[in-house]
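Novice: Make the full structure from the sequences, and use the hints.
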Amino acid sequence: MKKIFKKSPLLLDPVTHYCPGCGHGIVHRLVCEVIEELNITEKVLAIAPVGCAVLAYDYWDFDTTEAAHGRPLAVATGIKRMRPDLIVFTYQGDGDLAAIGTAETVHAANRGEDLTCIFVNNGVYGMTGGQMAPTTLLGQRTTTCKSGRDKKRDGYPLKISEMLAVLDGVCYIERTAVNKPKNVILTKKAIKRAFVNQIEGKGFSMVEIISQCPTYWALTPEEAVDKIENEIIKETPLGVIKDV
Amino acid sequence: MTKNNQKDKNRVLMVGNHIIGQAAIEAGCKFYAGYPITPQNELTAYMADNMPEAGGVFIQAESELAAISMIFGASVIGERVMTSSSSPGISLKQEGISYLAACKLPAVIVNMQRGGPGLGNISPAQSDYFQATKGGGHGDYHTVVLAPNGSQELFDLTYLAFDLADIYRTPVLVLGDGVLGQMAEPVTLKPSFKHEKTKVDKSWALAQTKNKEPKVVKSLFLEYGALENLNKELKKTYDIIESNEVRAETFYIDDCEIILVAFGATSRICKKVMMTLRNEGLKIGMIRPITLWPFPKKIISDAAHKKVKFLVVEMNMGQMVEDVRMAVFGKSEVHFYGRTAGIIPSEKEIIKKIRSLS
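Chains A and V supply the protein sequences, listed in that same order.
The numbering used here numbers the first residue of the first sequence as 1 and each following residue consecutively.
The numbering used here numbers the first residue of the second sequence as 1 and each following residue consecutively.
FYI, nobody ran anything at the bench for these hints, they're computed from the structure.
Please note: incorrect hints may appear among the correct ones.
Claimed, not checked - With a straight-line Cα cutoff of 30 angstroms, these simulated DSS-like cross-link-like pairs (lysine-lysine) come out: (1) A:Lys6 <-> V:Lys215; (2) V:Lys218 <-> A:Lys7; (3) V:Lys215 <-> A:Lys43.
All figures in this text were calculated on a predicted structure; none of them were measured in a lab.
Specialist: Written out as structure tokens, the structure is:
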């Protein structure tokens, strides 16, 4: 039998802490594959977030540091400014990147830091039990908006990718999803692009990846990927938001 | 800076905030991030002017939270790093200081204190003593706290801070105040203490080519007992620091009836008071803690007996006095005199307080 697919050796095999149907495992794999294919393993330094991916370093076979909640891009700035030879990327969720870390995100992007940001957006705080996130859609129910996100009470979903796209320091932002094979392939392409931009010294690159959270969307894994297709990407369309 | 002595090119007149910056550069600081706040802005500007030429990186961060996180990043890869601020800004940095301590990352943090609480004012104060010496941020940790009281010590202790941070893999605080930062005094821009280039193993750092296995820097320990093990390790380091690094200056403590205890700018005033009163024949001595943590407990404890009274003078409502009382442990009377909110106690006021004790 011919082997047509194998796991990247950079993706380790601990007992997973992710829930069944979670999108993080796919994104972890894609990041590892891209790093392997670009042959930059020795130069990579990752920053793991606070949130569901807090244990990212348990799954990755390259140097990784943690950062306080919301601060990965500030930590990344310190590393990259000191060691421009390294390939530095942050892996962040929506609460980390677009709520508590909004200032760090905006300013790292605006300084045009030569960094790659992998932004996994599932519209909910997963690690802490399903609270409303900055990207929670109107009407979406969470433990802190049980009747659904209400624009009067909770404000609107934060369009952080569109916000960042207007900044001159940003060279590339694309929104993708990991709900079906085609989108997974496009996500990998986008991740690769965001790393290549850094290798070429082009400035700040970010991939916003819409990812499924069956547990805190109270859906089965199948229903969750359908929700992305039928609801979420209608509100937040996939595609290149900025490319210069 | 103005050269006031042609014979010694290292001897210059400089304001305190600049001295700290130059000491950091001399000590090999390669990364500095800061955010504007009075009364330490001269230090940030000095680093902006001088870091690039020294082969280092300067960043004006978007906040104190970002600044401390940036130095966290540069420390993770083994560089010598510093940030500075004043009281309200240091409150924001506590998040990062706790993470630095937990991840055992060396870093130097300078606090040129101003009046508080809240926005307070921009005048000198010593009211962050509790915050500096009792942890400051969340969790079971300490930072080394160095309290200079003049130009040469601003240089020496900043320089030393980098060595201590590397040796013990811990954040080190330089605790100054608005007086020390703004005052210009002559200084020699070389460490005045005997100093050998400290060679420290930094094989723990990330992104080192000689590392064979991938490394992780983290402070999350979920397995039963793992976090307690970290805290025990940290405690072991703190115990070593407490036995090796206590620094204090003492005057006439074997020949006095009243012992003043003061640190930083206040100790300069108290020393003057002591000299004035000794000239009048009053038996008065002084203990000046240079390290606020580790605190010179034994020196104070050994000086305490029932025939001596302590007077602790601070620019706050009474903070270090609690540590003095603990060290004295009831063997002597302990009194306190303090001015706060940016008001500096005068010699006259302190003398009046001393006379009221005898």
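Novice: Taking the numbered hints from earlier one at a time, note which ones the structure violates and give those numbers from smallest to largest.
Specialist: Going through the list in order, the structure violates no hint and respects every one.
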